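Asks: Spelled out, the chains give:
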Amino acid sequence: MKLGNSSKLGLLLLMAPLLIWLFALILLPHVDMFFLSIREKVAPRVYQTSMANYMEFFNEPLYWNTFARTAVMSILTTAITLLIAFPISYYIAKMLKGRMKAFLFVLCLLPFWVSELVRTFGWMILLRETGIVSSTLQWMGVVDGPIEFLYTDATILVGLVYSSMLFMVVPLVSTLESLDDSYIEAGYDLGGNGFTVLREVVIPHAMPGIVSGCIVVFMLSLGNYLTPVLLGGKDSLWFTEQIYAQFITRFNWEQGAAFGFLLLILSSLIVWAGLKLSRQTLSETMG
Amino acid sequence: MANGADVSEFDLECSNLTKRFGGFTAVNNISFNIPNGSFFSILGPSGCGKTTLLRMLAGFLEPDEGDIRIKNRSMLGVPPNKRPVNMVFQHLALFPMMTVAENIAYGLKRQGVPKAEIAVKVQSALDRINLPDAGPKRVDQLSGGQKQRIAIARCLVLDPDVLLLDEPLGALDLKLREHMKVELKQLQSQFGTTFVYITHDQSEALVMSDQVAVMNNGVFEQVGDPQDLYYNPKTAFVAGFVGDTNRWKGVVKATSGSEVQVATDDGLTLTATGIGQGCKTGDAVDIFVRPESVALSRSADALSGMENRLAGQVKNVLFNGANSRILVQDPTNGGEIMVTLPQTGEFNDLRAGQDLHLGWKLSQAKCFAQEAGKASGAEVA
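In order, the protein sequences belong to chains U and X.
Just so you know, the first sequence maps onto residues 1 to 287 in the working numbering.
Just so you know, the second sequence maps onto residues 1001 to 1381 in the working numbering.
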């Protein structure tokens, strides 16, 4: 399609707020961050261009171990979220009709009315040594003394899965809703059982929703700061904590910027690998 | 194929099938048998229960009462994936995430057929529907008619005892639909599989079927071959629903044998053949006369052999080639009648406003008692 001059201008004006936003809030800080990340402090107020900040990440095992751990935990979170969200989404999209459907959907949405901080504190109230779960178990006589459920990897996973659930359910429900019942019926009619219909018909159809949900959940978990810090405590070793520490605690902005870029590059690589593995393209998934 | 004593001459036998949804009876005590290898249509207006009936045959619904027997084996409690029937869905439900070949292979894979054999069977199915090169194509690359054939091939490759078709031609445009009617019939005789076809389109049912059941309000009004339904309707609904027809409401004035004298509400006196019970003197009745069974003439004498004669004025000529019709109005009472224009050339110069004589034989006018509160086909259609 060829646009006339006036419609080109119209398009430009329409896009202007988005372009300004992208430029000012995304592009500009990243360019600045990039220049920050490639300079090295050689003396007070004396800097030179070098890759030392990046090399630091690979030379110091703590950093890349933390990154690997964050990535693995995020992948695990994504997988668990998918496993829990898929049946829920299927139930909402295919089994329910009318008001029940809207009701359950809102029920999934409801926790997001309050801030992440409050929700995470909710988990702490439940899981801490003097918390509800611990005291209930003691009252029931299952355990003798108080139990600390907080500050373990499992707790971090629970918190992350909980806070990512909605971002998996929404794309799944919308792709599953677009699956006509007759495909499922045809799947059974031609001799398939529940498992084969799921594998051959439902999942291939829901693939774009699965992949986009997974990308969003993975990115959110990887970039999450609050949940790992509050539920995981000092030993949570989340990569965003390292970035925070460089920027705020150690006031080493150069190192923090390099870590930020590494997080961006490595997470993009993981998403790209995931797309390749599931044979999806980004345009298919987001379109 | 089974052999021995348990071979039935019927592929599908249904007895006293009933299905209720809450207080609503969708299918009401229907019994029928479908002979091996025949094309059986269920024709009815939307909401008559035909889809419910089909879904019970496929196994997606369980009947509340009655039995479904396929090749003499009861299907009660047998899930859809274990029944020897397959269904062509209204919108075909070809899997969009698979190629054409994968679609056809889907059912064979589920049966555990070896891979090499699947490939052979898929190719031979594609050959039989004249789409030998369609295998690697994606479903959305096919035309409407091709999708139709693939959907049928996907079922027939499984060699089902009965193939169910749920108005599969509904989504096609008129020309393709006409073409597919012939093609479906050919496919059916080529494969020799029993087809159960549901439709609301009487022309589809009449053209393709060996037997047609006309369904209304959850019951079969009449089961018969297409000619029988068209020429000898047993109920007012069938007379009104199958084919086009003129219809008058009236009251019976006199009867002799099956011959009924009726005074219509718009003031005509007609003689008709009474069908069924209830055409007694004083009864409210409907009279049906098909547009093509009315003879036209410019002089009254030529029609003297007909029991019913009318004189009227041409109100409108609805020219449509071979299906041209005229609307004739009786000037005394304003009653109108639709008549098919004979294509013998004699009436080609007919124009609105001209006078004309009409006549039809006693046997061409069917008289049915009106049933209180029951919708008749002519209104539904």
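Bear in mind the hints are in silico, worked out from the structure with no lab data behind them.
All figures in this text were calculated on a predicted structure; none of them were measured in a lab.
The beta carbon of each residue, even a glycine, is placed where N, CA and C say it ideally should be.
Watch out, some of these pointers could steer you wrong.
[Said to hold, decoys possible] Incomplete in silico selection of chain X near chain U, CB under 8 angstroms:
1) 1032
2) 1035
3) 1077
4) 1089
5) 1110
6) 1114
7) 1271
8) 1315
9) 1317
10) 1319
11) 1345
12) 1347
Asks: Work down the list of hints and note, for each, if the structure agrees.
Replies: Consistency of the hints with the structure:
1. The interface hint given for residue 1032(X) is violated, since its Cβ lies 22 angstroms from the closest Cβ of chain U, which is over the 8 angstroms cut-off.
2. The interface hint given for residue 1035(X) is violated, since its Cβ lies 23 angstroms from the closest Cβ of chain U, which is over the 8 angstroms cut-off.
3. Given the 8 angstroms rule on beta carbons, the hint for residue 1077(X) is violated: about 15 angstroms separates it from the nearest Cβ of chain U.
4. Given hint, residue 1089(X) at the interface with chain U, holds; its Cβ is 5 angstroms from that chain's nearest Cβ, closer than 8 angstroms.
5. Interface hint status for residue 1110(X): upheld, as the beta-carbon distance to the closest one in chain U is roughly 4 angstroms, under 8 angstroms.
6. Taking 8 angstroms as the C-beta cut-off, the interface hint given for residue 1114(X) is violated, the closest approach to chain U being about 16 angstroms.
7. A hinted interface residue such as residue 1271(X) counts as satisfied when its beta carbon comes closer than 8 angstroms to some beta carbon of chain U; here the least separation is about 51 angstroms, so the hint is violated.
8. With 8 angstroms as the threshold, the beta carbon of residue 1315(X) stays out of range of chain U, its nearest partner Cβ sitting at about 47 angstroms, so the hint is violated.
9. The criterion of a C-beta within 8 angstroms of any C-beta in chain U is not met by residue 1317(X), whose closest approach is roughly 45 angstroms, and the hint is violated.
10. Annotation: interface hint on residue 1319(X) violated; nearest CB of chain U at approximately 41 angstroms, more than 8 angstroms.
11. Given the 8 angstroms rule on beta carbons, the hint for residue 1345(X) is violated: about 50 angstroms separates it from the nearest Cβ of chain U.
12. With 8 angstroms as the threshold, the beta carbon of residue 1347(X) stays out of range of chain U, its nearest partner Cβ sitting at about 49 angstroms, so the hint is violated.
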